[in-house]
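*Asks:* Can you build the whole structure from these sequences, using the hints too?
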Amino acid sequence: MTVVSLNPSPLLTVYRFAPEKDLQVIETQAPADIFPLQQPGFVTWLNVDGIENQELVETICSELDIHPLVVEDILHTRQRPKIEPYSTFLFLVLNMFSWDADSRSVDQEQVSFIVAKDTLITFQEDIKAGKDVFDGVRARLQNPVGHLRLAGLDFLLYSLIDAVVDEYFTILDKYGEVIEDLEEENLTNPDTGTIERIHTCRRQLFWFRKSVWPLRDVVVWLSREDVDWISDAARLYLRDVSDHVLRILDTLETYREMVMGLVDVHLSMVSNRLNDVMKVLTIISTLFIPVSFITGLYGMNFVNMPELQWRYGYYVVLGVIGVVLLLMLWYFRRRKWL
Amino acid sequence: MTVVSLNPSPLLTVYRFAPEKDLQVIETQAPADIFPLQQPGFVTWLNVDGIENQELVETICSELDIHPLVVEDILHTRQRPKIEPYSTFLFLVLNMFSWDADSRSVDQEQVSFIVAKDTLITFQEDIKAGKDVFDGVRARLQNPVGHLRLAGLDFLLYSLIDAVVDEYFTILDKYGEVIEDLEEENLTNPDTGTIERIHTCRRQLFWFRKSVWPLRDVVVWLSREDVDWISDAARLYLRDVSDHVLRILDTLETYREMVMGLVDVHLSMVSNRLNDVMKVLTIISTLFIPVSFITGLYGMNFVNMPELQWRYGYYVVLGVIGVVLLLMLWYFRRRKWL
Amino acid sequence: MTVVSLNPSPLLTVYRFAPEKDLQVIETQAPADIFPLQQPGFVTWLNVDGIENQELVETICSELDIHPLVVEDILHTRQRPKIEPYSTFLFLVLNMFSWDADSRSVDQEQVSFIVAKDTLITFQEDIKAGKDVFDGVRARLQNPVGHLRLAGLDFLLYSLIDAVVDEYFTILDKYGEVIEDLEEENLTNPDTGTIERIHTCRRQLFWFRKSVWPLRDVVVWLSREDVDWISDAARLYLRDVSDHVLRILDTLETYREMVMGLVDVHLSMVSNRLNDVMKVLTIISTLFIPVSFITGLYGMNFVNMPELQWRYGYYVVLGVIGVVLLLMLWYFRRRKWL
Amino acid sequence: MTVVSLNPSPLLTVYRFAPEKDLQVIETQAPADIFPLQQPGFVTWLNVDGIENQELVETICSELDIHPLVVEDILHTRQRPKIEPYSTFLFLVLNMFSWDADSRSVDQEQVSFIVAKDTLITFQEDIKAGKDVFDGVRARLQNPVGHLRLAGLDFLLYSLIDAVVDEYFTILDKYGEVIEDLEEENLTNPDTGTIERIHTCRRQLFWFRKSVWPLRDVVVWLSREDVDWISDAARLYLRDVSDHVLRILDTLETYREMVMGLVDVHLSMVSNRLNDVMKVLTIISTLFIPVSFITGLYGMNFVNMPELQWRYGYYVVLGVIGVVLLLMLWYFRRRKWL
Amino acid sequence: MTVVSLNPSPLLTVYRFAPEKDLQVIETQAPADIFPLQQPGFVTWLNVDGIENQELVETICSELDIHPLVVEDILHTRQRPKIEPYSTFLFLVLNMFSWDADSRSVDQEQVSFIVAKDTLITFQEDIKAGKDVFDGVRARLQNPVGHLRLAGLDFLLYSLIDAVVDEYFTILDKYGEVIEDLEEENLTNPDTGTIERIHTCRRQLFWFRKSVWPLRDVVVWLSREDVDWISDAARLYLRDVSDHVLRILDTLETYREMVMGLVDVHLSMVSNRLNDVMKVLTIISTLFIPVSFITGLYGMNFVNMPELQWRYGYYVVLGVIGVVLLLMLWYFRRRKWL
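Chains as they are written, first to last, in my numbering: chain A, 1 to 338; chain B, 1 to 338; chain C, 1 to 338; chain D, 1 to 338; chain E, 1 to 338.
Check the hints yourself; a few may be wrong.
[Unchecked claim] Lysine-lysine pairs mimicking BS3-like chemistry, simulated, CA-CA at most 25 Å apart: (1) E/K210 with A/K210; (2) D/K174 with D/K117; (3) D/K210 with D/K174; (4) C/K279 with D/K279; (5) E/K279 with D/K279; (6) A/K279 with B/K117; (7) B/K82 with B/K210; (8) B/K174 with C/K210; (9) C/K279 with C/K336; (10) D/K336 with E/K279; (11) A/K279 with C/K210; (12) A/K336 with E/K336; (13) A/K336 with B/K279; (14) C/K174 with D/K174; (15) D/K279 with A/K279; (16) A/K174 with A/K117; (17) E/K336 with A/K279; (18) B/K117 with B/K82; (19) A/K117 with A/K21; (20) B/K82 with A/K210.
Read the hints as simulated data drawn from the structure, not as lab findings.
*Replies:* This is the structure in structure tokens:
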């Protein structure tokens, strides 16, 4: 294995490999170091990490004769996943997602693939500080007898796409947790913030789904079309990726249904709490308003009110009040309010 | 019939049968006992019960030259039902359901089918303690003149799929009961738990439907495609299964509509109960607040209040109070609140 | 016309007719009486009334070499409407509906058709006490110069399907009445039962629609497919039936929309009634609580309360109370609560 | 121009025209006057005004050898718009709408077209008292050098369909006004009647849309199918009609969205009004209930209540009451209730 | 470059260009100045600014032999975006949008394109006071070595369509701001106006989407159909426009979902506020109604009420009232109302 590491934080990484030959790795920041990209008998993978340096991207693309529209799509991210065949190369855009634990939402990053004869170029939107979703593929490339080294460009492309799609399952799990938390919050302590959080989650799932949906066509295009440079073996693997995408979409559909349910449950919770509040008010008012009327009656200052002179008038009134209260309580009990 | 039972709780069961020949049954835990799997002139069915022992599954699959992706799908369950043709075999995934009476929900189990020439291998996810959905097929295999013994692999495959689909009708019935119970609860004693239970039910139906939906394509693929090893006779039976799947989906659609209706009824019930509570409060307050004002009036301590000196002032006030109360009651009666 | 009536309440009725020949009618309970079913040059229609007698159905089917799956479908009702071509015959399932005036819902009955060369067999699920939806067809068969007698099997099949579909319009009218009653009830006296009835209606319409929907495919299959035994003339008539089915589905769609609207109106009615109740409470409380405070003020027993000694203190207070009440009433009037 | 007007309020109107020939117009009530309908070299348009006289319709149709099913469709109105090719003619059904200003809803009328070689027959459901949607076409027929006279049957058919579709735009405008009125009513004075009117409007739009929807297929059929009697020039015009139909459907879709929005706004208005009512109640109760308690306290008749003897006790209490009231008002102000 | 500016505010602008030739620009108000439009070897673009002058439009169209239906579509705006091939030219309608900052809604303007051999005519609905969406294209035409000058008619057409579609992104951003403002308003100060504004926004998005939706078909038609005058290079660029349209539709879908969410959040906010109001009422009433009853009790004027004579009766009662109040407060605290 030849590793030419020209820079501690390289922007450009080239991997060249062929069955039974040494793996060549070049890590550099200068485009000059990597040309000519192709070497006869080798498969070349150039990864460009971070597209902030527009000039660099444009240099590489112009060197390789890439159509200006493609360069534009690489630089202006937020593209939908898509596959576009050009006469000399194939252009692929995918969206990579990573979970941001603080905001409990996903960060989106665009990865563009240019697939030409024996050459694959990938452009990643952000410069990765630590780990990268492609690290696994890099590690497997080191293995001289691994399937990846022995197979050709098609299998490398599959491995990278698969790495991107596998990350989606992690995102799905995170959203599963968010939904469970919302369900918990809904039942124990629903407030106005809850409905907001529910809708934020709903919107994020919607965005996520929109990025996954066109991916299906991309993978189907690769695995079905008469693309002669994709072997039947790799096609089986791509069919497997297509299957994963379907499962992700299925799960997203279920999540959406669950989030819709959360809204209904929330509204029902709020209504029920209103009912509880109103019941307390009604019980207290209904108990004391009538008996207060009685006390008011005998608080009047008429000269001629015979009951006031009765020896046990007060006790009779106390009794009447007690009976009224008991009747009310019995009524509430019967209506199951207590 | 030759039965070689090598273990009381076997993991591997092999059935070999052909018209006018003895049925061979092997029950074992050692893969070695079952190879070579195929015997000329016989149809072989190998059932692997429980896939916890990954090594065992991998051993069998490598022996039979099964693609690694298929092995992965067998071991990592929660696949969508699907059918995938490979060059030397056909791979099928179905989901089996059983009703868990305690949680009133379904348990899902994946069954994977590998169909090769004269050989069928089935992998069941769980080890069945007692009964198995395939027991009926096993019993019918015992009958030397039964249709199953006389027909070939296609009819065996149909019988197993049919056994899985027939179980779905049981699940449907159970969900029908759950919905009826929820309707009952909704009308007699709706609370916050009710809306939760309604949504749990809705979600489960959604999951269930998602497992049944792709099954349609699987069965249609088998019954329509130019699969030469499926006879016209078996095709008719598969069409019947396809019909069952449609009926299940129809019923699920209706259940979903019913559950959606439950939400509306629940919200209406809660609103109506709030109305009832408010009516009681309003009646009591409206009856006694005005008359309390009157008593309050004559409870004032002004020196010069001629009414207080009237001989029958007290009785006049009592009369006025009575008239006010009666007017109020008449008003409530007219508005149909009483 | 030859009528051989072997039994007052026959289960089996055979009609044999051909242009310019006498109509033969056999009514019997014994299958033996009707075989051989076919007679050269005649079109034969066998109607089996009630499938409770399973043995009878199985006897007839085995005599005519009907596939076991078809027999199963005939006996296990609740099939979706469908059309299934077999090598020697065509199998058709329709659902017949009749209105049950007591429960205000429909009763469903399955009619199975087996169409073979010059022979039509119909199986009706229930034994009809009085009138039968096919009576009209029977009457028209009596007419020796009627179109039905002169045309062949295709026109007979059309007439029977048409008779079934025409009944659907009656059902539609009944549901129209139910919806109108619900609208009336909603506006005059909505209660919890109303929302329940609305949802029952909604569910029934859903069921009904599900039975009509696949019928479209059945009729389209008959009228479009290269079915050589259906003449162009009959095809025009079948196209007409297809048109009727579309109109029924259209109307059902509108009914559904109307029922959905009923739910909204109901919830709005309940909310408005709550508003009414609350307004009464608020008006009464707002009128009397402040003035009660004033009376309470002068009911205090302080030794030094100069107003109490005023000659016209009482009248001043009465005036203040009057002014407060009038202000409140003016406020309510301005807010349009009165 | 030859006009043979045999009756002041004719039922049957025949127009015969050809380029460079005189226009022949016959207005009559007797079918005998119009036969033979066709004249060599002329295009003939027969309009039948009102189909109440069934016998007349049947006479005409039998004379022209029209299929009984078509006659039935002409007489039993409420058909969906449709196009049906028969061997010797083409049958078309359209729905015409006119706005009823009193009920603010549309009146539907069926127009049936029979298009044969050089002959067009139209059946209008109602006898028009005053103006007719076809009057414009009639006027343009009078113009000897107009496009309509010079072109053939295809252009006449287009002109009539166009006249029908153009009326739809008037209806759309009317519904636009109804929706605006409902929006106004919703915001100023929503009551239970409002939600009813909203749903009536929604239902009517639904009915209207259902009549327009199939029209699209009709026009597409005419403009695309290899109908050799429609010239390319007329086809362009039919494409234009098809475009109008699409615009009508688009607008209907928007209206529907707007009406759905009205329901949401209505429910929100009702809720907000409830909130307003409750706020008034709460403010009044919260202001006076606590201070009434204070007055009640000093209205007690205990012998030993030192405060009662205080010289300025009364004024202290008045001060406390004032402070409590001010605190409450400040609290309401802070919560933005005032 | 030849610029013939015949008028300070020209209605008609002609651009004629060809590779390696001078750009000719004519600005005039008289149609006579621009004919003959075509010059051999040049590509001609005629822009008509404002269609108020119907006569002018009709003159130009008749000169160029444009079909009357097209003229009608140009003059009667509010067409759906569409593409219509005629025998000698292609007719295109697009909708241009500009943001009206005052009403916070979009203004729609129709642009019609007539594409003939080497000639492009554009009709803009309004006379632009200041800037025009086509200004960028005009500027690029000035550049003698720019791609636009060197390429032909196809690239000019693409540039104009692209200019229109790029404006849509500005509109999208504006709507994004409106939705954010509504979200803010919803959470801080929701009132009846809020729900109205939400629905106005929803309706506008719906209208906007309806104008964008058919645009997809237009662009797809141009880029896919065997239109021989569009070069492969231009086709790639049109594919890019098609991609933009898809992204706009995706974003609109998300906006719609967000607006739907706003309605739910609004209703939840209103309910929660009602809950808050009710809680305050209930707390105050529940605290003071019972203790007011106690004071009422000892305000009665019975002669024989021993407690009144107790030395510490008053203090006992004060204590009881304090205990009741504390109990109530504890209860509210436990229910998390305080």
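*Asks:* Each hint should be assessed against the structure and marked as holding or not.
*Replies:* Do the hints match the structure? See the list:
1. E/K210 with A/K210: Holds: E/K210 and A/K210 sit about 20 Å apart, inside 25 Å.
2. D/K174 with D/K117: 39 Å, violated
3. D/K210 with D/K174: 18 Å, holds
4. C/K279 with D/K279: 11 Å, holds
5. E/K279 with D/K279: 11 Å, holds
6. A/K279 with B/K117: 72 Å, violated
7. B/K82 with B/K210: Distance of about 12 Å is within 25 Å: holds.
8. B/K174 with C/K210: 21 Å, holds
9. C/K279 with C/K336: Given pair C/K279, C/K336 holds - Cα atoms ~11 Å apart, limit 25 Å.
10. D/K336 with E/K279: 16 Å, holds
11. A/K279 with C/K210: 44 Å, violated
12. A/K336 with E/K336: Status holds; Cα separation ~22 Å.
13. A/K336 with B/K279: At roughly 16 Å apart (the allowed maximum being 25 Å), B/K279 and A/K336 satisfy the hint.
14. C/K174 with D/K174: Not satisfied, since the Cα-Cα distance of roughly 32 Å exceeds 25 Å.
15. D/K279 with A/K279: 18 Å, holds
16. A/K174 with A/K117: 39 Å, violated
17. E/K336 with A/K279: This hinted pair holds, its Cα atoms lying about 16 Å apart.
18. B/K117 with B/K82: 20 Å, holds
19. A/K117 with A/K21: 19 Å, holds
20. B/K82 with A/K210: Between B/K82 and A/K210 the Cα gap is close to 24 Å, so the pair holds against 25 Å.
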